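For reference, the chains in residue letters:
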Amino acid sequence: MPDGRPDLPLTYRILHEPRAVFGLIVLALMLLAAVFAPWLSPHDPLEQDLLSSFLPPSWQANGDPFFLLGTDNLGRDIVSRLIYGARTALIVALVAAALAALLGTVLGMLAGFYGGKTDMLISRAVDIWMSFPAVLLSIVLVAVIGAGLHAVIIAIVIIDWTRFCRVIRAETMVQKERDYVASAVTIGLPRVRILFQEIFPNLIPLLIVLLTLEMGIAIVVETILSFVGLSVASDTPTWGNLIQEGRQYIHQVPWLLGLPVACVVLTVLGLNALGDGIKEVIDPETRQ
Amino acid sequence: MSHWYLINRLLLALPTLLGAVTITFVLLRVVPGDPIAMMTGPGATEADIAQLRAHYGLDQSIVDQFIIYLGQLFTGDFGTSISLRQDVGELIAGRLPVTVELVVIAMCIAVGFALILALKGVYWRDRWPERLIDSFIGVIVAIPDFLWALSLILILGVAIPVMPIFGRMDLTISFDSWTNFYLIESLLRGRFEVTRSVLYHMVLPAVSLALPLMAITARVLKSCLNAEMNREYITLARTRGFGRLRIIYREALRNALVPATALSGVQFTFLIGGTVLVERIFGYPGIGNMAIDAVINRDLPLIQGLVLTFAVLFILVNLFIDICITLIDPRLRYA
Chain A
1 MPDGRPDLPL
11 TYRILHEPRA
21 VFGLIVLALM
31 LLAAVFAPWL
41 SPHDPLEQDL
51 LSSFLPPSWQ
61 ANGDPFFLLG
71 TDNLGRDIVS
81 RLIYGARTAL
91 IVALVAAALA
101 ALLGTVLGML
111 AGFYGGKTDM
121 LISRAVDIWM
131 SFPAVLLSIV
141 LVAVIGAGLH
151 AVIIAIVIID
161 WTRFCRVIRA
171 ETMVQKERDY
181 VASAVTIGLP
191 RVRILFQEIF
201 PNLIPLLIVL
211 LTLEMGIAIV
221 VETILSFVGL
231 SVASDTPTWG
241 NLIQEGRQYI
251 HQVPWLLGLP
261 VACVVLTVLG
271 LNALGDGIKE
281 VIDPETRQ
Chain B
1 MSHWYLINRL
11 LLALPTLLGA
21 VTITFVLLRV
31 VPGDPIAMMT
41 GPGATEADIA
51 QLRAHYGLDQ
61 SIVDQFIIYL
71 GQLFTGDFGT
81 SISLRQDVGE
91 LIAGRLPVTV
101 ELVVIAMCIA
111 VGFALILALK
121 GVYWRDRWPE
131 RLIDSFIGVI
141 VAIPDFLWAL
151 SLILILGVAI
161 PVMPIFGRMD
171 LTISFDSWTN
181 FYLIESLLRG
191 RFEVTRSVLY
201 HMVLPAVSLA
211 LPLMAITARV
221 LKSCLNAEMN
231 REYITLARTR
241 GFGRLRIIYR
251 EALRNALVPA
261 TALSGVQFTF
271 LIGGTVLVER
281 IFGYPGIGNM
291 AIDAVINRDL
301 PLIQGLVLTF
311 AVLFILVNLF
321 IDICITLIDP
331 RLRYA
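Chains as they are written, first to last, in the working numbering: chain A, 1 to 288; chain B, 1 to 335.
Treat the hints with care, since some could be wrong.
As the list claims (entries may be wrong) - Residues of chain A clear of chain B, computed beta-carbon distances all greater than 10 Å:
no.: 1; residue: ALA98
no.: 2; residue: LYS176
no.: 3; residue: PHE227
Claimed, not checked - To give an idea of the chain A side of the interface with chain B (calculated C-beta under 10 Å), a few residues:
no.: 4; residue: VAL79
no.: 5; residue: LEU82
no.: 6; residue: ALA143
These aren't lab readings, by the way, just hints derived from the structure by calculation.
Bear in mind that the values here come from a model prediction, so they are computed numbers and not experimental data.
Backbone N, C-alpha and C fix where the C-beta goes; we use that ideal spot for every residue, glycine too.
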């Protein structure tokens, strides 16, 4: 490695990369909100109080200190709904990204390692897949699978495995030419073992970067599908549902739209920064 | 460039197109969900449903349905929309110009600003404006068009209400369009108040679509330009006493454009996909908005027609980018 203090442990270097730290903080906040949602949120996110609907944030003129960021059209507490929204977002992000990574990585490794017909078949499939507009495909998929969180996750996996597949395929082809693979072949290790025991560990850093970025994408897709009304039932608080509801009252109470949009933007920025930060630490070649 | 190259490219696109048609068809047929049941509602008798099923050809086997569908496609028959009860081809033809105008304007905005950002960034290399441009690009690239659309609505539609946030033009203006290409048609017919209103309504959706593409293109172009600036012919130009500006514009730019166009080409197709949501958010009457309605109504013929239209748009954009690359780089014309 040309520079970047490779002698220091990876975690140390990641913690000294400002972008990665910003991303970790955002991720930690989300984890906190998701895990402790029932204790953190001051109200039941579904509890309606029609007498106190459309309350502004508590520091404004008509605000109620009882509802920190105000209430929506049915008098439900915004803070609680945002916190529970983080829970849904994180579940989708983790599960969908992990499954897409699994599918894409296995196919990408097979294509990159075996080449020939396997590679042609898988690469052709990726090409055809990518000729669909992803947004349209996800909407079609969820429409046919049926609305719900599982459908959103399946849709993300079916669409986004190609992201992992392409990158992992290319990296596997690079790794395949390295000396350690040649020596593994020489000592007669079976090919499957070379692929999964020798090459795979070298793909993990790249995989972590891809996973982080995919989590951001998954959160956006979930938001989009909720927004279009194809995710979970509309009374479940997700950021997408909040955005969809806020869109209707945009002129009277803009913060109903602004707050969930801010949450999604912050999360996506954080996860992107984390991915970029880790990439920079583990791969000094990308630095200029 | 020979026309054989073009024909060859178009032929290569056919398998992709066929793949897209097949996948959509299979997906929509295999999975549960009954469009006829949605169409008729609870009051329909078994006989009614069976009759409608036969009318739309849904009573035959999937293979037969697919062969019939392909045959109809070749004759230009896209079928009849179940929810709107109109010819799918006509429906799409009416909405397509709206999306095409939006996409073209968005791409022009993206390319224009990407060029400015990249050239300025390289010009101020290693000084604070470059770092500013880099972080600006970094933030913009991370946020998808969907969130830009909502943010722009909040900022320029609500907080400082200067821009229209709904529809294609003022409803108070009446304009009988023959082609639905409002922008070009209103210019040609001298109806400038229509042009003005259409452009005004286009600003926010087009900018939302353009921002991510602009950022990625600028990033790629900037790194290609920086790579070119390290080449020997640049040193030569510098020793001949040319100014930095002239070197960037006249020497480096043309060489950097080829890899930059090739690398950011895919992003142009992402912009087309983005119209689905952005049109929805801004109530823009294009094919993207129509696609969401079609999916919600489970309107199979319309969904198929729209997916096919999107696939064709994708292929055309890719072809256009290939042609651009060969035009920029004469060496590729005879390769």
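Verification of the supplied hints:
1. ALA98: Given a closest Cβ separation of 21 Å, the condition holds.
2. LYS176: Consistent with the label, LYS176(A) stays out of reach of chain B, its closest Cβ about 24 Å off (over 10 Å).
3. PHE227: violated, 8 Å
4. VAL79: At about 19 Å, which exceeds the 10 Å cut-off, the nearest Cβ of chain B leaves the hint on VAL79(A) violated.
5. LEU82: Check failed: Cβ of LEU82(A) comes no nearer than 15 Å to chain B, outside 10 Å.
6. ALA143: holds, 4 Å
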